[in-house]
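Spelled out, the chains give:
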Amino acid sequence: MNARNLRHDLFFYLGILLICVPFLKIHTLYVLPVFLGAWGLRRFADFAGENRLMVTLRERTVNSVLAHRRVTVGLILAVALLIPLGASDYLIEVFTSVILYAILATALNITVGLTGVLVLGFIGFYAVGAYTTGILTAKFALCGFWIALPLSGLAAMLCGILLGIPALRLRGDYLAVVTLGFGEIIRIFLTNLNGLTGGPNGILGIKRPSFGLFTLDHPRDFYWFALAVLSLVILIVARLVDSRYGRAWIAIRENEMAAGALGINVFRKHLLSFSLSAFFGGIAGSLFAVKQGFISPDSFTFYESVLILCMVVLGGIGNVAGSVTGALLLIAAPEFLREFSLYRMLVFGAVMIAFMVFRPSGLLGSRVIAQEIKDRADDGP
Amino acid sequence: MLRLTDLELRYGPIRALKGVTLDVAAGEIVTLIGANGAGKSSTLKAISGIHGTSGGSIVFAGRRIDNLPPHEIVALGISHCPEGRRIFGDLSVRENLLMGGYLLAKHEMAGRLDEVLGLFPRLGERIHQAGGTLSGGEQQMLAIARALMCKPGLLMLDEPSLGLAPIMVEKIFETIVALKQTGLTVLLVEQNAGAALEISDRGYVLEIGQVTLSGTSAALRDDQRVAQAYLGG
Ligand SMILES: Nc1ncnc2c1ncn2[C@@H]1O[C@H](COP(=O)(O)OP(=O)(O)O)[C@@H](O)[C@H]1O
Ligand SMILES: [Mg+2]
Numbered sequence: 002m003n004a005r006n007l008r009h010d011l012f013f014y015l016g017i018l019l020i021c022v023p024f025l026k027i028h029t030l031y032v033l034p035v036f037l038g039a040w041g042l043r044r045f046a047d048f049a050g051e052n053r054l055m056v057t058l059r060e061r062t063v064n065s066v067l068a069h070r071r072v073t074v075g076l077i078l079a080v081a082l083l084i085p086l087g088a089s090d091y092l093i094e095v096f097t098s099v100i101l102y103a104i105l106a107t108a109l110n111i112t113v114g115l116t117g118v119l120v121l122g123f124i125g126f127y128a129v130g131a132y133t134t135g136i137l138t139a140k141f142a143l144c145g146f147w148i149a150l151p152l153s154g155l156a157a158m159l160c161g162i163l164l165g166i167p168a169l170r171l172r173g174d175y176l177a178v179v180t181l182g183f184g185e186i187i188r189i190f191l192t193n194l195n196g197l198t199g200g201p202n203g204i205l206g207i208k209r210p211s212f213g214l215f216t217l218d219h220p221r222d223f224y225w226f227a228l229a230v231l232s233l234v235i236l237i238v239a240r241l242v243d244s245r246y247g248r249a250w251i252a253i254r255e256n257e258m259a260a261g262a263l264g265i266n267v268f269r270k271h272l273l274s275f276s277l278s279a280f281f282g283g284i285a286g287s288l289f290a291v292k293q294g295f296i297s298p299d300s301f302t303f304y305e306s307v308l309i310l311c312m313v314v315l316g317g318i319g320n321v322a323g324s325v326t327g328a329l330l331l332i333a334a335p336e337f338l339r340e341f342s343l344y345r346m347l348v349f350g351a352v353m354i355a356f357m358v359f360r361p362s363g364l365l366g367s368r369v370i371a372q373e374i375k376d377r378a379d380d381g382p
Numbered sequence: 611m612l613r614l615t616d617l618e619l620r621y622g623p624i625r626a627l628k629g630v631t632l633d634v635a636a637g638e639i640v641t642l643i644g645a646n647g648a649g650k651s652s653t654l655k656a657i658s659g660i661h662g663t664s665g666g667s668i669v670f671a672g673r674r675i676d677n678l679p680p681h682e683i684v685a686l687g688i689s690h691c692p693e694g695r696r697i698f699g700d701l702s703v704r705e706n707l708l709m710g711g712y713l714l715a716k717h718e719m720a721g722r723l724d725e726v727l728g729l730f731p732r733l734g735e736r737i738h739q740a741g742g743t744l745s746g747g748e749q750q751m752l753a754i755a756r757a758l759m760c761k762p763g764l765l766m767l768d769e770p771s772l773g774l775a776p777i778m779v780e781k782i783f784e785t786i787v788a789l790k791q792t793g794l795t796v797l798l799v800e801q802n803a804g805a806a807l808e809i810s811d812r813g814y815v816l817e818i819g820q821v822t823l824s825g826t827s828a829a830l831r832d833d834q835r836v837a838q839a840y841l842g843g
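Those sequence lines, one after another, are chains B and P.
The opening residue of the first sequence carries number 2 in the numbering used here; numbering runs sequentially from there.
The opening residue of the second sequence carries number 611 in the numbering used here; numbering runs sequentially from there.
A couple of the hints might just be wrong.
Claimed, not checked - On the chain B side, residues computed to face chain P include the following (Cβ under 10 Å):
1) 205
2) 206
3) 208
4) 245
5) 267
6) 305
7) 307
Because the hints were derived from the structure by calculation, they are not lab data.
Bear in mind that the values here come from a model prediction, so they are computed numbers and not experimental data.
Cβ coordinates follow ideal geometry from the N, Cα and C atoms, glycine included.
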């Protein structure tokens, strides 16, 4: 699937899906005008797709940001580090959520953004990670957090491999539906495996990790810890994107047959990206379990999967910084607009459609444009 | 160098190749001509391992290669430049070429990139441009250059002149001749039979999955049946 088509389809269906959520409860008939409106907008998108001014403006911005890449990253990191010093505990919790979702979005971006595989049940890996930590540290108290953390990642990765080996032979919508099924199956398992998972009641009393004498009990300390994990994940993924593997993934996204003809083992690369994605998803889940102290199947619904996908798409498919931005927008923004929570989905949907019209490559664009400019800068004039 | 014997290939119930026998000697340009749907692309796909075969054999450099996975076949020195170019539109020209050299050792990459760019100076000028923004002719150049990156002994080109302006077509054919002079063996699939037979040593005519004629290119050009069916006269 070509990246441009992928983006287009993602925006379109996600937007419609989200807009429909609040209406579905009221009356199914309301969906019709929404679909018609979306269709009209799509027509308009074809017409407005080549806005010269927008394109130049964006290239300018990307150019200057890239020219001062280190400074930008340093500044953002500094702000992120300082946030908890001034913020209330509540706000720190919100930002910790942002970080967890940023890890998830970065992880999902590996499959959706780089290999171009649409995964709809990504929350399943998050759930596996969270429950692995819950079961190991609280339910049966077999080990501490520091052992449970990598094991959670590995458990999710194992699920990724077991799901990927059969499912990655499918493509496009078929694969999307299979992964959607995976997310649901995991949730149903969690609800019904009472002995292991506590069923619908979930698992209580998951303790926050400690570092020898230090505990990460205080929201601020836990925030910094999560930030460190996010930074590590971003570092790994960013390195991968610029490597031989990253290029191979993008080549597969752009044209699978040609990638195969060049000697890339397409299936293995798909499986690698899928399992890596799952691994980081599991790590995020583990952090989620200790952050909440309590997990139940309710936290791992299809809605969450869609939300993460929205972050990836909004930020820019295949763009690591974009995923983080997407997480920030979709988690932090609604927290500050609580009064409007009823219309949250409606606004999300409208925003997605608006993006499809005005910024089809996402807020920060896809990796290529940035890479192109960077290549030029590296070579000098 | 390459020999296909009674090669069969199916797409489900459809028999696309019904026993194709042909051979390519080292240093030759061999042309495969035939109408749409004759099975030309399928033949190349079978050789490069992109599609499995259901009968017959493919021997390359003394070794059976039918039904090996594509990455192993590329490693043996067969490169397939597929129909319709299929360059990576979102990767830069340079990255497209690096992907072509995917199986090269790290220290060989830079040198090979320079060699290939030497053959296609125009790509050098557009090295940081996204592949999708090149013109049709440039994209075809890029597709060929990309296929050359892995230092193949045998290059298979599937309709490289398709949809290009006459000037570009001429350029592409010149390039193929130049490649032959470097010692490369070329298996060329073309609709543009006249031009292809002009630059090739030998040719095969494929009809509905079978070879119906073969011979030196000069002989094929003079053959009445070929002239009528493929040379528009
Ligand atoms: N992916 C496919 N699935 C089913 N049938 C195919 C497929 N590709 C090719 N065919 C059929 O196989 C036959 C040979 O096709 P092809 O090798 O592409 O011919 P050519 O390259 O000579 O035009 C045609 O009848 C075509 O319809
Ligand atoms: Mg063909």
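Right, here's what the structure says about each hint:
no. : hint : verdict
1   : 205  : 47 Å, violated
2   : 206  : 48 Å, violated
3   : 208  : 46 Å, violated
4   : 245  : 7 Å, holds
5   : 267  : 8 Å, holds
6   : 305  : 29 Å, violated
7   : 307  : 25 Å, violated
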